[in-house]
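Student: Residue numbers (this note's numbering), protein chains in the order written: chain A, 1 to 242; chain B, 1001 to 1312; chain C, 2001 to 2335.
Derived from the structure by calculation, the hints contain no laboratory data.
Every residue, glycine too, gets a C-beta built ideally from N, C-alpha and C.
Worth double-checking, as some hints may not be accurate.
[Unchecked claim] Label pairs and their in silico Cβ distance ranges:
{"no.": "1", "chain 1": "B", "residue 1": "G1304", "chain 2": "A", "residue 2": "A178", "range": "30 to 40 Å"}
{"no.": "2", "chain 1": "B", "residue 1": "L1224", "chain 2": "C", "residue 2": "G2102", "range": "46 to 56 Å"}
{"no.": "3", "chain 1": "A", "residue 1": "R16", "chain 2": "C", "residue 2": "I2006", "range": "37 to 47 Å"}
{"no.": "4", "chain 1": "B", "residue 1": "M1202", "chain 2": "A", "residue 2": "G171", "range": "32 to 42 Å"}
{"no.": "5", "chain 1": "A", "residue 1": "F19", "chain 2": "B", "residue 2": "R1108", "range": "17 to 27 Å"}
{"no.": "6", "chain 1": "A", "residue 1": "A178", "chain 2": "B", "residue 2": "V1093", "range": "52 to 62 Å"}
{"no.": "7", "chain 1": "B", "residue 1": "V1269", "chain 2": "C", "residue 2": "L2101", "range": "34 to 44 Å"}
{"no.": "8", "chain 1": "B", "residue 1": "L1166", "chain 2": "C", "residue 2": "A2120", "range": "44 to 54 Å"}
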Amino acid sequence: MGAQPPEIALDIRDLRKNFGGIRAVDGCSLAFPRGQISGLIGPNGSGKTTTFNLLTGVIAPDSGAIYYNGDNLAGLKPYQVFRKGITRTFQITRIYREMTVFENMLSASRLSVPERQGRARAEELMAFVNLTHLRDEYGGNLSYGQQKLLEFARALMPDPDVILLDEPAAGINRTLLADLLTHIHRLQGMGKTIVIIEHDMNVIMNHCAKIFVMDYGLKIAEGPAQEIQRNEQVITAYFGHR
Amino acid sequence: MTSREHLRYLAYLGAFLVFLAVLPFQIGVYYRSFVMFTMMWVVLALSWNIISGYTGYISFGHVVFYGVGSYASAILVADHGWPWIPTLLVGAVVGLAVAILIGYPVLRLKGPYFAIAMLGAAEGTRVLVTVWDSLTHGGLGINLPNVENSMETYFAMLALMVVTILVSYWVGHSRFGIRLNAIREDELAAEALGVNTTLYKMAAFSLSAVFPAIAGGIQANKTLYINPDGEFLLLITITMTLMTMFGGKGTVIGPIVGAILLYLFQEVVWVKFPFFHLIMFGAFLILVARFMPRGIVGLFIARGWARKGMVH
Amino acid sequence: MEQAEIRRVYLLGAFIVAAFATPFAVGAWSGNIFYDRQWLMDLITVCLNGLLQGGVYAMYGVGLTLIFGVMRIINVAHGEIVMLGAYLTWVLFNAPEYLGLGWHLDPLLTMVITLPIAFALGFAIQKVLLNAVVGGPELTPLLITFGVGIAMINLVEWIFTTDYHTIPYQPDAFHITETIFVGKNKIISFAMALAISLGVFLFLKLHRLGKAIRATAQNPEVAMVCGIDVQRIYLVTFGLGAALASAGGALVSIQFGFNPETGVQYTVVAFAIIVLGGRGHYLGAMLGAVLLAVLENLVSFMVPNGSAMVEMAAYTMIVGVLLIRPQGLLGVKET
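Chain A with its partners taken away, still in its complex shape (with noise of 0.2 Å):
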């Protein structure tokens, strides 16, 4: 790696978000550097998922910016922000369930990308993350890792530049587990920006170049694997005061 910082994929500037008074993202700073794979931690309820909510439109922010190849993306609808080239995976997936396994793809293919080969990407990524065989299978007939799989490629969909993953790892077996994270390294070497909230701490420690740590709405700490694992605000945020 050369001795130039990295460039930064997305900026968010002081992103604030209040549910009733309690306030979810509070000034929230992050840059996550493009190309890389940027792991974003927390405590449960640190404003994690919000995050991700306002970073692809789900929720409109109350204030601050989100900055992605110099456009501000605060306000969009989800479906501008996915034509960016930005998509995500759900906490929980939320595949179609009574559509097969094949339209879930399709279904997120571009509009501008002629239907053919839109057809042809998802049987491309369908062999990618070894679902062919359930090809014409109701999504919701998926185990629960299949499922998971299934979100990741159709997240693939639109080649976007950036994925956001929120929790890959919940919930999938091992082995399902080490081909996720591989394909999660083949994107990176595509030049793909990926961003990852987990709760398995190997996957973030051992995957992710750069790791962001959230708490009460607001980033307490960023670095790599080791400075994080020393840092004691993160120490005490998850574990208390000792």
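We have chain A; now place chains B and C onto it with these hints.
Tutor: Only chains B and C this time, still in chain A's reference frame:
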């Protein structure tokens, strides 16, 4: 699906069409209008299916489009002396306008709230049509000039049905339809995965409104008398719902099969038991909703005779 | 409260004020308002009638909101159960006459019979058709109850035809002042509705089963863990909702004409009430009921073709409230 498969389906449709085009010359007025009304129900069921089957927004008031279409046509023919065919286009425009007017607020509601708001919209429109007697002749209804037009209405309905089937086929085999399905399954996820849900819902709703409006117009010119209670009858919505659910919602062939079977059954068997048949209607809807949510098509899928999903 | 939330509350208030102003505006425009003492007295009478009618609305509205609160099911057949209650009352009212006894059963007394029947009916509907689909896709129960409603309408139509019926019961007026008077049947209905609503309220507050119902409404999983037989609670809840609806039917039957098809109106009214008041909220339902009933009476009083336009009040309320503040007047935002 390969283009060969598309061609095969088109060939089926073509053969069906040839049959339906020759048929009216071989049968009398009674059976001609019987087939005409069967085709009308195919149109209505397919239309209901576009918004409720694909998008999952169950409309309990879809008769409203049929009603305004038939009124637009009847008013122009009876009061302004228009020839009836161009009035169908006016009916379509009126249907579209009403769809936008109703859809803009009501499509923001979800699940049961949309369903009941549509029920209200249809009933409300019926009341307005009854009250606005300077335009609609109120509760007295409208008499249309008496002409024998069973052949013309037959072909008008045939043309409409073909267009409806083709549009439904496109919806059912395109990314547009898949995205409507995505809205049905999980609107929030669909939005996050690039579907402008507001726009798509509006598009589906408008499409599903235009065909019933035209069908209503043709029907008015065939029956030659309309009144608010008849044109905005809740039972018409229920029938669309049941036909689509019975055949298989969210498919193209389902509503067609459902409409034909149910209409045949209704006319041949049930008509002999007027109230009992409507009680059975309710019971039937319960059974279909409870035990065969995917309809006849679902039974075929369960036996491996048909493939899951709409796009392959 | 959030800024946006406060704005919605104001907007909802403005909407309701506008809804109440509309009949006055239309009335003034179409010359149905007279600026004299007599008209003012009529207006007061109309509002009073609305208030009394609101009591009955509230009772069957509470039935719908109870079912929704516990099971998240909108019972589209609710109005049909009201209609059925009216018919049952009418049948019992006339039964002795048919038997040649020459007298009528008191329609309030018949509730002793009709309420248990309705309870059993609701219990059965829930047991056979709905218990298995609670918590599933919300459209399945919607379609099922829709089917139940259709079957009921046509069953009643088959037996009793579409003729309108009513029960003549205490129709003479009760004079509050020289010029302000209301029908005795309305006062009796209101008192009865109030008593039944209060009874249900106390049952929910104090009785063991009532508390279990409320616990289930709060959180079915937690209720289950606490040893509550949730499936049974569902049965009782639907039974109770149906009983309230049929009590509404009994009170409707002594005030208004009814036929098998009026059920749809009752459904829409009940739905409007719970939307207006806040889904699953009892006090809200009562408030919503009174507001809606008064508004309906104002419309029917001042708007030309008023009796037909009455239905529009409920539809406007449903759509307007759902768009401005989906949780209604008193409801809490659902997440």
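Student: It remains to establish, for every hint, whether it holds in the given structure.
Tutor: Hint check:
For B/G1304 paired with A/A178, a C-beta distance near 35 Å keeps the hint of 30 to 40 Å intact. Between B/L1224 and C/G2102 the beta carbon distance is about 51 Å. The supplied range of 46 to 56 Å therefore holds. About 18 Å separates the C-beta atoms of A/R16 and C/I2006, a value inconsistent with the hinted range of 37 to 47 Å. One distance hint, 32 to 42 Å for the beta-carbon pair B/M1202 and A/G171, holds here, with the actual separation near 37 Å.
Between A/F19 and B/R1108 the beta carbons are some 21 Å apart, a value that agrees with the proposed interval 17 to 27 Å. The hinted range of 52 to 62 Å is satisfied by A/A178 and B/V1093, whose Cβ atoms lie roughly 60 Å apart. Range check, B/V1269 to C/L2101: Cβ separation about 43 Å, and the 34 to 44 Å hint holds. At about 51 Å, the CB distance of B/L1166 to C/A2120 agrees with the hint of 44 to 54 Å.
In this structure, only the earlier hint numbered 3 is contradicted, and the remaining ones agree with it.
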